[in-house]
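Chains L and W, in that order, give the protein sequences.
The opening position of the first sequence corresponds to residue 1 in full-length UniProt numbering, with each subsequent residue numbered one higher.
The opening position of the second sequence corresponds to residue 1 in full-length UniProt numbering, with each subsequent residue numbered one higher.
No lab work stands behind these hints: they were computed from the structure.
Note that beta-carbon positions come from the ideal geometry of N, C-alpha and C, so glycine has one too.
There's no promise every hint is true.
Here are the simulated DSS-like pairs of lysine-lysine, each with C-alpha atoms no more than 27 Å apart in a straight line [claimed, not checked]:
| # | chain 1 | residue 1 | chain 2 | residue 2 |
| --- | --- | --- | --- | --- |
| 1 | W | Lys-110 | W | Lys-179 |
| 2 | W | Lys-173 | W | Lys-394 |
| 3 | W | Lys-250 | W | Lys-227 |
| 4 | L | Lys-79 | W | Lys-179 |
| 5 | L | Lys-79 | W | Lys-199 |
| 6 | W | Lys-166 | W | Lys-389 |
| 7 | W | Lys-179 | W | Lys-250 |
| 8 | W | Lys-314 | L | Lys-243 |
| 9 | W | Lys-386 | W | Lys-314 |
With the C-beta cut set under 8 Å, the calculated list includes, among others, these residues of chain L facing chain W [unchecked claim]:
| # | residue |
| --- | --- |
| 10 | Pro-27 |
| 11 | Asp-28 |
| 12 | Glu-29 |
| 13 | Ser-33 |
| 14 | Ile-37 |
| 15 | Gly-141 |
| 16 | Ile-143 |
| 17 | Ser-191 |
| 18 | Met-228 |
| 19 | Gly-229 |
| 20 | Ile-230 |
| 21 | Asp-232 |
| 22 | Gln-234 |
| 23 | Pro-235 |
| 24 | Met-238 |
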Amino acid sequence: MKQLTKKWGKSLGIYLALMIIFPFVMPDEYYRSVGIIIGLQAIVAIGLCLVMGLAGQISLGQASFWGIGAYTSAVLTTKFGLTPLVGLVASAIVPAVFAFILGRAIAGLQGYYLAMATLAFGYIVQIGIQEWEPVTGGASGMISIPQVPFFGGSELSMYYLIWGIVTCVLLFSLNLMHSRIGRAFRAIHKSEVAATSMGIDVRKFKLNAFVVSGMFAGISGGLYAHYMGILDPQPFGMHESIKFLTMVVIGGMTSIWGALIGTLVIGFISEGLVMLSEVVPGLQGDVDTIVFGGILVLIVMFMPEGLVPRIRSLYEKAQAKKAAANAEQRVERKAAI
Amino acid sequence: MKKNQSRKWLFPIALASMVLLSACGGGAKPAAEAGAAGGKEPIKLGAVFSLTGPNSPLGVPEKQAVEMLVKEINGAGGVDGRPVEVVFEDDKSDNTEAVKAVKKLVSKEKVVALLGSSGSGPSLGMAEFSQAEKIPLISMAAADQMTNPVRAGIFKTPHTDVHGTKRIYKYLKEKGITKIALLNDSNPYGSGWTQQLQKYAPEYGITIVAEEKYGTKDPSMSSQLTKIKGTDAQALIVAGTNPGPATIVKEAKQLNLSIPIISSHGSANSKFLELVGDAGEGVLMVAGKLLVSDQIAADDPQAAIVKKFVDGYKAAYNVEPDGFAGYGYDGLNLMVEGLKQAGGDASKLNEVLEKVKYVGVTGEFVFSAEDHNGLTEDSMIMVEVKDGKFQILK
Numbered sequence: 001m002k003q004l005t006k007k008w009g010k011s012l013g014i015y016l017a018l019m020i021i022f023p024f025v026m027p028d029e030y031y032r033s034v035g036i037i038i039g040l041q042a043i044v045a046i047g048l049c050l051v052m053g054l055a056g057q058i059s060l061g062q063a064s065f066w067g068i069g070a071y072t073s074a075v076l077t078t079k080f081g082l083t084p085l086v087g088l089v090a091s092a093i094v095p096a097v098f099a100f101i102l103g104r105a106i107a108g109l110q111g112y113y114l115a116m117a118t119l120a121f122g123y124i125v126q127i128g129i130q131e132w133e134p135v136t137g138g139a140s141g142m143i144s145i146p147q148v149p150f151f152g153g154s155e156l157s158m159y160y161l162i163w164g165i166v167t168c169v170l171l172f173s174l175n176l177m178h179s180r181i182g183r184a185f186r187a188i189h190k191s192e193v194a195a196t197s198m199g200i201d202v203r204k205f206k207l208n209a210f211v212v213s214g215m216f217a218g219i220s221g222g223l224y225a226h227y228m229g230i231l232d233p234q235p236f237g238m239h240e241s242i243k244f245l246t247m248v249v250i251g252g253m254t255s256i257w258g259a260l261i262g263t264l265v266i267g268f269i270s271e272g273l274v275m276l277s278e279v280v281p282g283l284q285g286d287v288d289t290i291v292f293g294g295i296l297v298l299i300v301m302f303m304p305e306g307l308v309p310r311i312r313s314l315y316e317k318a319q320a321k322k323a324a325a326n327a328e329q330r331v332e333r334k335a336a337i
Numbered sequence: 001m002k003k004n005q006s007r008k009w010l011f012p013i014a015l016a017s018m019v020l021l022s023a024c025g026g027g028a029k030p031a032a033e034a035g036a037a038g039g040k041e042p043i044k045l046g047a048v049f050s051l052t053g054p055n056s057p058l059g060v061p062e063k064q065a066v067e068m069l070v071k072e073i074n075g076a077g078g079v080d081g082r083p084v085e086v087v088f089e090d091d092k093s094d095n096t097e098a099v100k101a102v103k104k105l106v107s108k109e110k111v112v113a114l115l116g117s118s119g120s121g122p123s124l125g126m127a128e129f130s131q132a133e134k135i136p137l138i139s140m141a142a143a144d145q146m147t148n149p150v151r152a153g154i155f156k157t158p159h160t161d162v163h164g165t166k167r168i169y170k171y172l173k174e175k176g177i178t179k180i181a182l183l184n185d186s187n188p189y190g191s192g193w194t195q196q197l198q199k200y201a202p203e204y205g206i207t208i209v210a211e212e213k214y215g216t217k218d219p220s221m222s223s224q225l226t227k228i229k230g231t232d233a234q235a236l237i238v239a240g241t242n243p244g245p246a247t248i249v250k251e252a253k254q255l256n257l258s259i260p261i262i263s264s265h266g267s268a269n270s271k272f273l274e275l276v277g278d279a280g281e282g283v284l285m286v287a288g289k290l291l292v293s294d295q296i297a298a299d300d301p302q303a304a305i306v307k308k309f310v311d312g313y314k315a316a317y318n319v320e321p322d323g324f325a326g327y328g329y330d331g332l333n334l335m336v337e338g339l340k341q342a343g344g345d346a347s348k349l350n351e352v353l354e355k356v357k358y359v360g361v362t363g364e365f366v367f368s369a370e371d372h373n374g375l376t377e378d379s380m381i382m383v384e385v386k387d388g389k390f391q392i393l394k
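Bound conformation, chain L alone (with noise of 0.2 Å):
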């Protein structure tokens, strides 16, 4: 933890700072609700940033563990009167319970593989909760999901709870990736068989990646829930899991931070849109995809690292081309004398 703070103290800090000030900066509730889906969506991100970027894993079914958690802690609530609490927790549970099942199952799969598993998986889900209509409400899904009552459940205190857990969670990756486990999922993140003549067991360690990253999805799938109040199983499908894919390309893919400014810049851009829709008539509805599959493209032919590794870099290019500059100055000054 020393060593975590020591290392990333000052973007941590920047990010609380930004991260407490941001609902008094925009004192709107509309602001406050773009900021709780966004930290939804960032808790999604980082936990895929676990499996893709540290154990090298594509996972296109990450929307299916986010519904998981979202239906767990629903039925539980309305169906059988439990508090929010306790449908918190075990929608923290069971989608990992189901990335464990999932996980082991195609442990040894690698790459395109993988890819292709978690994407039947994704439809498996989708369909089941559309057609367990006895427990979910099929297609016409779920009413009256109550809140989670933290501090009232008003918009602010949303806020700030959801911000919490994303805090919490970004926390838990940074340290885990400073971790031997962290070395160990770059290590397999490089080369799979270098990886295994180390010694390092890449089927446990792809499958604790995964199960992660299925509690993170679930814990904000059963956040959504409750914010929500409502639930069908549109959400939860192909096109979501690939909006989360997206946040963490563009962020860059071996950075936890980067799972998280990605987040931002898609929500950012989303809210741009619709702001300049408000101006430019035709900007409307659906081009937020056609912009962010346009920066994916773009990205991935000249970024392919991502934005906060590309930037990291650049950044450290130039303080040694500056301490560079500083040396030699130094050195002039001293012929000099």
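With the hints as your guide, set chain W onto chain L.
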């Protein structure tokens, strides 16, 4: 350095997308203009419709009808001397977007009442919020769940599958038909119909002898039809949205299935006639009166308003209005009727709307504390396809 980097990328992207989109954009205006009844502070209403995404064929006509009506109301002096202003939002046919949109309308635009949305999911999301905030909502979503069970301040305008079912059964009873077969889509629309058809069959002395379903994207339903042909069903009921019902009608003809086919209002539109061609002759349908607006009897209580609506809509947009446009039109009219009775005081709307009686284009609405849809099966009619046109059955 950071700034330069992101600016370098974002600017060309933003520019390119703007150029692209302004080139292909439609002409949607952010808010309807306040008309002749200016001067006083307008009554601000919010409307969320699915203007893009899969529900856009519903949302666009709904918005157009509301825009047209706003002009008309303000031209006639507004409500209580105040003009009506409607702020539109697009939910992109997405639940989360609908909830965000409704929060924006209430917190930023300070609207006093809400209309929308087009689809069931977004509407249910809006209802959760507007119920908590005690802001009245009139929805254009078909789902029975919207108003069943009844919730304070939540109303809806469209017909439901309950009305359609009862209207068809009434017709069958008149014709002395007691044994029917069902062939419904497996999507929410079709399965909703199946449930209601099963539920009300005993009440009308009807036995369902065969119950088949098909997938929305199935290219052929001949195996189901062959099975139905083997039963002693006297009529076939089909509930689905295009193109399914048209395929069924065509294949039934090829298989020489001679029993009458009755299709639901989900397929009662010109697209069906186009798809089905000559095979459609004699097919029966249950629909809203708007489908045959030129054939409504002069003594029908709805005749006047339907004519006014159809003429106005045609003049404004140069197309025939469909049922969805009617739902939007009735929604705003009901809201305005409520506002008039409340003397322009929106805080009383929740209670006042429960007493509103209004003849609309969809049907005669009679809201009450127990019924927040207010329609009966008599607002629907049976039509027959004759010479490639819909013909009202007397």
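Is W/Lys-110 close enough to W/Lys-179, meaning Cα to Cα at most 27 Å? At roughly 55 Å apart (the allowed maximum being 27 Å), W/Lys-179 and W/Lys-110 break the hint.
Next item in the hint list is L/Ile-37. Is there a CB on chain W closer than 8 Å to its CB? holds (6 Å)
Hint consistency between W/Lys-386 and W/Lys-314 [alpha-carbon to alpha-carbon, up to 27 Å]: It holds: about 24 Å lies between the C-alpha atoms, which stays within 27 Å.
Please verify that hint: L/Gly-229, Cβ, nearest Cβ of chain W, below 8 Å or not. holds (3 Å)
Interface hint check: L/Glu-29, Cβ to nearest Cβ on chain W, cutoff 8 Å. Holds or violated? Status holds, d = 4 Å.
Mind checking the alpha carbons of W/Lys-314 and L/Lys-243 for me, to see if they're no more than 27 Å apart? violated (41 Å)
The hint names L/Ile-143 as touching chain W; please verify it with the least Cβ-Cβ distance against 8 Å. holds (5 Å)
Could you grab the alpha-carbon distance between W/Lys-173 and W/Lys-394 and see if it respects the 27 Å cut-off? holds (15 Å)
Using Cβ atoms only, decide whether L/Met-228 comes closer than 8 Å to chain W, and label the hint accordingly. Check passed: Cβ of L/Met-228 comes within 6 Å of chain W, closer than 8 Å.
Against chain W, run the beta carbon of L/Pro-27 and see if the smallest gap drops under 8 Å. violated (10 Å)
Quick check on the hint: L/Met-238 CB to chain W CB, less than 8 Å? violated (14 Å)
Supplied contact hint for L/Ile-230, tested at 8 Å Cβ to chain W: L/Ile-230 check passes; min Cβ-Cβ to chain W is 5 Å, inside 8 Å.
Taken one by one, the earlier hints fail for this structure at numbers 1, 4, 8, 10, 17, 24, listed in ascending order.
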